[in-house]
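Novice: Using the UniProt record's numbering, read the sequence shown as starting at 1 and increasing by one per residue.
Treat the hints as calculated values from the structure; they're not laboratory data.
Here a beta-carbon is modelled for each residue, glycine too, at the ideal position from N, C-alpha and C.
Incorrect hints may appear among the rest.
Stated by the list, open to error - Keeping only pairs whose Cα atoms sit at most 20 Å apart, straight-line, the calculated DMTMM-like set for lysine to aspartate or glutamate is:
| id | residue 1 | residue 2 |
| --- | --- | --- |
| 1 | Lys19 | Glu57 |
| 2 | Lys24 | Glu12 |
| 3 | Lys34 | Asp2 |
| 4 | Lys19 | Asp70 |
| 5 | Lys64 | Asp42 |
| 6 | Lys24 | Asp53 |
| 7 | Lys24 | Glu57 |
| 8 | Lys15 | Glu5 |
| 9 | Lys102 | Glu11 |
| 10 | Lys24 | Glu92 |
| 11 | Lys19 | Asp54 |
| 12 | Lys102 | Glu18 |
| 13 | Lys24 | Asp54 |
| 14 | Lys102 | Asp50 |
| 15 | Lys19 | Asp53 |
| 16 | Lys64 | Asp54 |
| 17 | Lys19 | Glu74 |
| 18 | Lys15 | Asp40 |
| 19 | Lys24 | Glu11 |
| 20 | Lys15 | Glu74 |
| 21 | Lys15 | Glu92 |
| 22 | Lys64 | Glu12 |
| 23 | Lys64 | Asp53 |
| 24 | Lys64 | Glu92 |
Unchecked claim - With beta-carbon atoms standing in for the labels, derived distance ranges:
| id | residue 1 | residue 2 | range |
| --- | --- | --- | --- |
| 25 | Lys102 | Gly35 | 19 to 29 Å |
| 26 | Ser31 | Asn91 | 13 to 23 Å |
| 27 | Arg16 | Ile55 | 13 to 23 Å |
| 28 | Arg8 | Ser96 | 11 to 21 Å |
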Amino acid sequence: MDQGEAIRIAEEYVKRIEKVYAVKRAFLFGSFAKGTNHVDSDIDIAVVLDSSDDILELQIAMMKLRRSVDLRIEPHPFTSLQFQNTNPVANEIMSSGIEIRKKANQTSLSRNSL
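Use the sequences and the hints to build the structure in full.
Specialist: Rendered as structure tokens:
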């Protein structure tokens, strides 16, 4: 699978999540975003939500949703408060990830911003 296919899968997955949660932003990150993927790479997707729900429970729910799209997906939910430049993980995702959703129903395909 190449980066384009990973983006397509990520977009499909985010559309499924949007049926349940209000997604503010979503990023493909990790090896597929950096172009260092290999045959066993997972598809890392950061999903930023307004929700203040328990992140662990959100991750479990998102893991269940991936079954209908692709089992290689590894969802990483963040609240808006967590997803700030001051958070090293969020900063790395914003720097090297590919933003696939900026607001609901708005696709950007840019490596923040490519």
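Novice: Could one say that the CB atoms of Arg8 and Ser96 fall in the range 11 to 21 Å?
Specialist: 20 Å, holds
Novice: Compare the distance between the alpha carbons of Lys15 and Glu74 with 20 Å, and conclude whether the hinted pair is satisfied.
Specialist: 15 Å, holds
Novice: Going straight from one Cα to the other, do Lys64 and Asp53 come out at no more than 20 Å?
Specialist: With a Cα-Cα distance of about 17 Å, the restraint between Lys64 and Asp53 holds, given a limit of 20 Å.
Novice: Please verify whether Lys64 and Asp42 have alpha carbons no more than 20 Å apart.
Specialist: The given pair, whose Cα atoms are some 16 Å apart, holds under the 20 Å limit.
Novice: Does the Cβ pair Lys102, Gly35 satisfy 19 to 29 Å?
Specialist: Hint holds: Cβ distance 22 Å, inside 19 to 29 Å.
Novice: Within 20 Å, alpha carbon to alpha carbon, are Lys102 and Glu11?
Specialist: 12 Å, holds
Novice: Please work out if Lys15 and Asp40 have their alpha carbons no farther apart than 20 Å.
Specialist: Distance of about 24 Å is beyond 20 Å: violated.
Novice: Can you confirm whether the C-alpha distance between Lys102 and Glu18 stays at or below 20 Å?
Specialist: With a Cα-Cα distance of about 12 Å, the restraint between Lys102 and Glu18 holds, given a limit of 20 Å.
Novice: Going straight from one Cα to the other, do Lys64 and Glu12 come out at no more than 20 Å?
Specialist: Measuring from Cα to Cα gives roughly 15 Å; hence the hint holds.
Novice: Can you let me know if the beta-carbon spacing of Ser31 and Asn91 is within 13 to 23 Å?
Specialist: 18 Å, holds
Novice: Just to be careful, I want the Cα atoms of Lys19 and Glu57 compared with a cutoff of 20 Å; is the pair within it?
Specialist: 17 Å, holds
Novice: Can you confirm whether the C-alpha distance between Lys19 and Asp53 stays at or below 20 Å?
Specialist: 16 Å, holds
Violated hints, in rising order: 18, 21, 24; the structure is consistent with all others.
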